[in-house]
Amino acid sequence: MRKILILIVSLLVISLVAVACASQAPSPEKVVETVVVTVEVPAEQAPVQPQGYGTIANRVRERGKVVCGVHTELLGFGYLDENGRNIGFDVDLCRAVAAAMFGDPEAVELVPITAADRGPVLQTGEVDMVSRNMTWTSKRDAEWGNFTWITFYDGQGFLVHSDSGIKTLQDMDGASICVTTGTTTEKNLATTFADAGLSYEAVTFEETSAVYGAYEEGRCDVATSDKSQLAAVSAGFANPKDHVILDITISKEPLTPAVPSGDDQWFDIVKSVMWGLINAEEYGVTSSNIEEMKSSDNANIRTMLGEEGDWGYSVLGLEPDSLAKAVAAVGNYGELYNHYFGPNGIAFTLPRGLNSLWSEGGMIYAPPIK
Amino acid sequence: MNASNSPPTLAPPVAPGPLEWLRKNLFSNWFNAVLTLASLVFLYFTLVTILRWALFSADWQPVTYSPLLFLVGQYPRAQLWRPGLSLLIGTFLIGMSWGLWERYIKPFAIFFAILLTILAIFPLKTPTITLSIRAVFLASPVLIILGYRIGRLPAVKGKYVITMWLLAAIFITLVLLPGLGNIPALPKIATTSWGGLLITLLLAVGGITLSFPIGVLLALGRRSSLTVVKLFSIFFIETIRGVPLVTVLFMFSIILALFLPAGSRIDRIVRALLAMVFFSSAYTAENVRGGLQAVPPGQAEAAKALGLSNFQITTFIVLPQALRLVIPTIVGQFISLFKDTTLVVIVGINDLLGISNAVLNLKPQFVHLQMEVYLFVAVIFWIFSYFMSYTSRELEKSLGIGKR
Chain G
509 MRKILILIVS LLVISLVAVA CASQAPSPEK VVETVVVTVE VPAEQAPVQP
559 QGYGTIANRV RERGKVVCGV HTELLGFGYL DENGRNIGFD VDLCRAVAAA
609 MFGDPEAVEL VPITAADRGP VLQTGEVDMV SRNMTWTSKR DAEWGNFTWI
659 TFYDGQGFLV HSDSGIKTLQ DMDGASICVT TGTTTEKNLA TTFADAGLSY
709 EAVTFEETSA VYGAYEEGRC DVATSDKSQL AAVSAGFANP KDHVILDITI
759 SKEPLTPAVP SGDDQWFDIV KSVMWGLINA EEYGVTSSNI EEMKSSDNAN
809 IRTMLGEEGD WGYSVLGLEP DSLAKAVAAV GNYGELYNHY FGPNGIAFTL
859 PRGLNSLWSE GGMIYAPPIK
Chain Z
874 MNASNSPPTL APPVAPGPLE WLRKNLFSNW FNAVLTLASL VFLYFTLVTI
924 LRWALFSADW QPVTYSPLLF LVGQYPRAQL WRPGLSLLIG TFLIGMSWGL
974 WERYIKPFAI FFAILLTILA IFPLKTPTIT LSIRAVFLAS PVLIILGYRI
1024 GRLPAVKGKY VITMWLLAAI FITLVLLPGL GNIPALPKIA TTSWGGLLIT
1074 LLLAVGGITL SFPIGVLLAL GRRSSLTVVK LFSIFFIETI RGVPLVTVLF
1124 MFSIILALFL PAGSRIDRIV RALLAMVFFS SAYTAENVRG GLQAVPPGQA
1174 EAAKALGLSN FQITTFIVLP QALRLVIPTI VGQFISLFKD TTLVVIVGIN
1224 DLLGISNAVL NLKPQFVHLQ MEVYLFVAVI FWIFSYFMSY TSRELEKSLG
1274 IGKR
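As given, the protein sequences belong to chains G and Z, one line each in that order. Converting from the first sequence to our numbering requires adding 508 to each position, the first position being numbered 1. Converting from the second sequence to our numbering requires adding 873 to each position, the first position being numbered 1.
Looking at chain G on its own, in the form it has when it is part of the complex (with noise of 0.2 Å):
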């Protein structure tokens, strides 16, 4: 009698699920082809925007902070304070796109990563951005993700003791060069000295410190790296005037962040803040004269500070002020710059050259915000 009941229950359930699915379709038959309507329907309606198109910012936005893959121990890039806060030029990148995405540059989860770490991070989406002195090459960016903006551009160089003698690569024969190990710099460095023809020993290390304590301790002639490393590195030299970089460049470091593939909302939100640091620095915009420059006589500084039109951030899902509030929180191009390599920098001192703005005769250049 009771198993009856059961059967005779269940059945209802089952008929009046059946019942709910075909809402048109009369007999349970037809419930099959009521589903195959419904999963059409959603294919029916073709996406505005390609596939993909907001997810991380999505996630970022739900999340409320920036994932950010950085440097802890690249002096001037990403390093600690003595308190061991991450600071550094790449680190206040990722402020300033948490600061315009969220308005406080302190919306980020800073997340330490190691060189071979950069391309799986980017490939897994593991992080929302990677700001670790990254060079743009063809490879990562077609295999790793996308590199936004280069904001700095650094080349390898040489650096030698002053009393060496040695000028000009040729000088370089024969001679014994410390350099970190499996990098593109120990690449670059065999390319160059094929190419022309030398010979040279090379005496690696795995720690980037210790190319230079062996370098100081006499055990090779030269060290080689990027130029803003050997700049960082012969500041900090008990005699710091007896050694030079040399005016060789070997090697194109464009360093840039970059953001995973596959939505280009997100990609275009961290290039519009890299835009916004380097207009503002056009503009004369800084983090002291912000507000007053809100109701500036230049529209295009109105534009960009949020107060009039429309720059873009409607569709990019920010703020109109999302780029004032990056300038606000890191200061804009030329400010972060001279905080951590300007002349009274607190990394080290390293003149502008190359990573001026274009106006003034350097290679930094960004599409105009309006």
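Be careful, since some hints might not be right.
Now the in silico label distances, taken between C-beta atoms and shown as ranges [what the hints assert, rightly or not]: (1) Z:GLY1054 - G:SER867: 44 to 54 Å; (2) G:LYS760 - Z:LEU1131: 23 to 33 Å; (3) G:GLY572 - Z:THR1046: 19 to 29 Å; (4) Z:ARG976 - G:ASN852: 53 to 63 Å; (5) Z:ILE1256 - G:ILE756: 45 to 55 Å; (6) G:GLU815 - Z:ILE1056: 34 to 44 Å; (7) G:LYS802 - Z:ILE1056: 33 to 43 Å; (8) Z:LEU1131 - G:SER707: 38 to 48 Å; (9) G:SER670 - Z:VAL921: 31 to 41 Å.
Hints in this document: simulated from the structure, not taken from any laboratory. Note that the Cβ used here is the ideal one computed from N, Cα and C, for glycine as well.
Position chain Z against the provided structure of chain G, taking the given hints into account.
Same frame as chain G, now just chain Z:
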């Protein structure tokens, strides 16, 4: 075995004087004398060179500039009371353990108390060590002694203290340090900002305590008569043992993420810990299996004859004897696990070694001072490893291993 051959009435030898000892041990013949002198000369010059460097020409500023970085890495300075409280809990339990297992813990507890006292009163000229931090350091030795007093009370049993250690470890690693989202007093702190000795100890202690039971299970599994269990154990052990730890770490930190749905993240520390546990458990399993094989089959047979179940035979008869035999190898395995934690640097975790690379990049003046910083880190590792092996030696002695 030869006890019957030696005359039982021999008087105990008189303890030799220092001169006699020297003559007997260092200058017994001309060859030994030359060796002794040569070693003395060598030792003298090495020590003098090292000491002269360490005291006069070395620049210890990177170490003294921000010692907290070495201890807790980037842990937010506003929340420092949490690692501080962890330290206090830890020191109290060390004190209790000292009271309870005086033989094993005493040197470590005393050393630790002295070290913390020195840290508390050392006149470092750095603003990063505040008075409250010094107070915590100063309170630690007091807690060690308090714990010692309590640990000596007859009511305190070993199992209570072990339970307290476990509860403390769970509380510290899962509640106190990472924080809970819904309690304002304990804001969440991402593990990406944990670092230094904190991470090294976390990985080592976590790795050791988790890999040991897994290793024992794998060892039993490998000797199991169930084919599936046996094959799985063999497959697991041999796969893990067939690859270097670096590979396992890379696999967990990079390849694992590729298999997960996009955007889902397993904490980096957890990934590294998993890799360490997997790696260590495979080796522990083989060590334990060696012990299991050394237990005579008669033991299990006798137990079976008494009517014990298989489970009882394994837990009460075979395993205790087997584990006792393999203590030296297991401790050796744990020491190497402790030192292997430095490999997490390659997956971007700032453990003690990783943070020392960060310290070297605090200022341009520090970059080329890696000798000082690495030596400092090496000494810390040596201290911990030494006390681990000391405890193991005492444990062996008290169990009479190697003397039966």
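- Query: Among the hints numbered above, which are violated by the structure, and what are their numbers in rising order?
  - Reply: Hints that this structure does not satisfy do not exist here, as all of them hold.
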